[in-house]
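> Quick note: the sequence shown uses my numbering, first residue 26, plus one each step.
Worth flagging that the hints you see were computed from the coordinates, not collected in a lab. There's no promise every hint is true.
[Unchecked claim] Here are the simulated EDC-like pairs of lysine to aspartate or glutamate, each with C-alpha atoms no more than 20 Å apart in a straight line: (1) K145 / D124; (2) K51 / D109; (3) K51 / D111; (4) K51 / D124; (5) K51 / E114; (6) K51 / E123; (7) K51 / D131; (8) K145 / E90; (9) K51 / D61; (10) K51 / D35; (11) K51 / D39; (12) K51 / D113; (13) K145 / D133.
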Amino acid sequence: MSRTLTALFDTRADAEAGRQRLLAAKVDADNIRIHDQSAVGESGYSSHDAPGLWASIKNAFLPDEDRHRYEEGIRRGGFLLTADIDSDEAGEAIRALEDVGINSVDIDERASQWTSQGWKPPAAAAATAGAAPRSVGDRGARVCSYGTRT
Numbered sequence: 026m027s028r029t030l031t032a033l034f035d036t037r038a039d040a041e042a043g044r045q046r047l048l049a050a051k052v053d054a055d056n057i058r059i060h061d062q063s064a065v066g067e068s069g070y071s072s073h074d075a076p077g078l079w080a081s082i083k084n085a086f087l088p089d090e091d092r093h094r095y096e097e098g099i100r101r102g103g104f105l106l107t108a109d110i111d112s113d114e115a116g117e118a119i120r121a122l123e124d125v126g127i128n129s130v131d132i133d134e135r136a137s138q139w140t141s142q143g144w145k146p147p148a149a150a151a152a153t154a155g156a157a158p159r160s161v162g163d164r165g166a167r168v169c170s171y172g173t174r175t
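Take these sequences, add in the hints, and give me the full structure.
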């Protein structure tokens, strides 16, 4: 089984630093992507009919709630680092992204801040049937890992 790792950053430099850490952890460069505002569609949100940003993330069965949180982070100027990896590489890749000096965002904390400021995710952000359960690293929801179907 493969996994998709996600980590949101406030700056491109931090996302690039995360990318470099993944490369040092032997993650294939072709499987690492950084998504920014240029990848989000006009509405800023995706749907299953118009996937927008997520069309480039193959087989990444993320729950709608998380997908919309990441899209909001990008809409607000963030940079989403994604990596498609084999399950046996997940531990090392997560540790590489959680290492001291990597300034990733805790997506759960950030979404709570946005909600307190009035942000409301689309109504479709309820639990997604068939979505992979999320696992997080030791530092909370800074690096999330989702099982993918092959």
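> Hint by hint, say whether it matches the structure.
Checked hints:
no., hint, in the structure
1, K145 / D124, "violated, 32 Å"
2, K51 / D109, "holds, 12 Å"
3, K51 / D111, "holds, 11 Å"
4, K51 / D124, "holds, 15 Å"
5, K51 / E114, "holds, 9 Å"
6, K51 / E123, "holds, 16 Å"
7, K51 / D131, "violated, 24 Å"
8, K145 / E90, "holds, 11 Å"
9, K51 / D61, "violated, 24 Å"
10, K51 / D35, "violated, 24 Å"
11, K51 / D39, "holds, 19 Å"
12, K51 / D113, "holds, 12 Å"
13, K145 / D133, "holds, 14 Å"
Consistency with the previously given hints fails for numbers 1, 7, 9 and 10, ordered from lowest to highest.
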